[in-house]
Amino acid sequence: MKNDGELISGFLNGSAEDFEELVRRYEREVYCTALHMVGNREEARDITQEAFLRVLKGLRELKDQRRFRPWLLSITVNLARDHLRKRSFGSWEDDFAKGTFGGCADEAFQRLSRLQEREELLNLLFLLPPRQRVAVVLRIYNELPFKEVAHIMGCEVATARSLFWAGIREMRRRLGKRDEV
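For the sequence shown, the positions run 1240 to 1420 when my numbering is used.
Bear in mind the hints are in silico, worked out from the structure with no lab data behind them.
Careful: at least some of the hints might be erroneous.
[Unchecked claim] Below are the DSS-like pairs computed for lysine-lysine, each with C-alpha atoms no more than 27 angstroms apart in a straight line:
| no. | residue 1 | residue 2 |
| --- | --- | --- |
| 1 | LYS1241 | LYS1386 |
| 2 | LYS1302 | LYS1386 |
| 3 | LYS1302 | LYS1241 |
| 4 | LYS1241 | LYS1325 |
| 5 | LYS1325 | LYS1296 |
[As the list claims (entries may be wrong)] Listed next, with one range per pair, are the computed distances between beta-carbon atoms:
| no. | residue 1 | residue 2 | range |
| --- | --- | --- | --- |
| 6 | GLY1415 | SER1248 | 44 to 54 angstroms |
| 7 | MET1240 | LYS1325 | 36 to 46 angstroms |
| 8 | SER1254 | ALA1397 | 33 to 43 angstroms |
| 9 | GLU1300 | GLU1245 | 12 to 22 angstroms |
| 10 | ARG1411 | VAL1262 | 31 to 41 angstroms |
| 11 | ARG1412 | LEU1323 | 20 to 30 angstroms |
| 12 | GLU1359 | GLY1244 | 40 to 50 angstroms |
| 13 | SER1254 | PRO1368 | 38 to 48 angstroms |
| 14 | GLY1297 | ARG1408 | 35 to 45 angstroms |
| 15 | SER1254 | ASP1303 | 30 to 40 angstroms |
| 16 | GLN1304 | PRO1384 | 15 to 25 angstroms |
| 17 | ARG1267 | LEU1295 | 14 to 24 angstroms |
All residues carry an ideal CB built from backbone N, CA and C; glycine is no exception.
All chains should be modelled from the sequences, with the hints used to inform the complete structure.
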């Protein structure tokens, strides 16, 4: 099996199959990242397609092929952020309330909390401020080290760590309040 660098080199030398393999390798991860940020399956599919189109157009500019995955996730996060900025907050709440948000990271949420149902945790995730949500999604769902989370978010490692833990604390706080009701 070829590594990412070999697939990128193959594509840049004319092998469309190598690019298709990159898409197959990362499509689910990109989709899940977008889905956990925007909360709508159709919009996540659109973001996934746009992310790979941007990769297709910009792959020649990637200087360090070993950084392909973080670069791809950075593109995805930025597209999702842009999408959320353009979309009205009310429609996001409506989509989530209708259940158009789907879960593709059951395992990650089980690690986060065995005490609560996945749907409740997803609701809590969407109550976080956007930067905290990005940090939690990248760290938990994409299992990235804080150094990579910081790189993708364009901040210091300490800031990424702080955003992540602030998000986790906020989710725990809200879980505690629900238990009191």
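Tested hints:
1. LYS1241 with LYS1386: Holds: LYS1241 and LYS1386 sit about 25 angstroms apart, inside 27 angstroms.
2. LYS1302 with LYS1386: holds, 19 angstroms
3. LYS1302 with LYS1241: Distance ~19 angstroms between LYS1302 and LYS1241 Cα, so the pair holds.
4. LYS1241 with LYS1325: violated, 38 angstroms
5. LYS1325 with LYS1296: holds, 23 angstroms
6. GLY1415 with SER1248: 44 to 54 angstroms: Roughly 51 angstroms apart at Cβ, these two residues keep to the hinted range, so it holds.
7. MET1240 with LYS1325: 36 to 46 angstroms: Since MET1240 and LYS1325 have Cβ atoms about 38 angstroms apart, the given range 36 to 46 angstroms holds.
8. SER1254 with ALA1397: 33 to 43 angstroms: holds, 41 angstroms
9. GLU1300 with GLU1245: 12 to 22 angstroms: holds, 19 angstroms
10. ARG1411 with VAL1262: 31 to 41 angstroms: holds, 37 angstroms
11. ARG1412 with LEU1323: 20 to 30 angstroms: Check passed, 23 angstroms falls within 20 to 30 angstroms.
12. GLU1359 with GLY1244: 40 to 50 angstroms: holds, 41 angstroms
13. SER1254 with PRO1368: 38 to 48 angstroms: Taking Cβ atoms as reference, SER1254 and PRO1368 lie about 43 angstroms apart, which means the hint holds.
14. GLY1297 with ARG1408: 35 to 45 angstroms: With a Cβ separation near 37 angstroms, GLY1297 and ARG1408 satisfy 35 to 45 angstroms, so the hint holds.
15. SER1254 with ASP1303: 30 to 40 angstroms: Since the Cβ atoms of SER1254 and ASP1303 sit about 20 angstroms apart, the hinted range of 30 to 40 angstroms is violated.
16. GLN1304 with PRO1384: 15 to 25 angstroms: Given a distance of about 19 angstroms, which is inside 15 to 25 angstroms, the answer is holds.
17. ARG1267 with LEU1295: 14 to 24 angstroms: With a Cβ separation near 18 angstroms, ARG1267 and LEU1295 satisfy 14 to 24 angstroms, so the hint holds.
The structure shown violates the earlier hints numbered 4 and 15.
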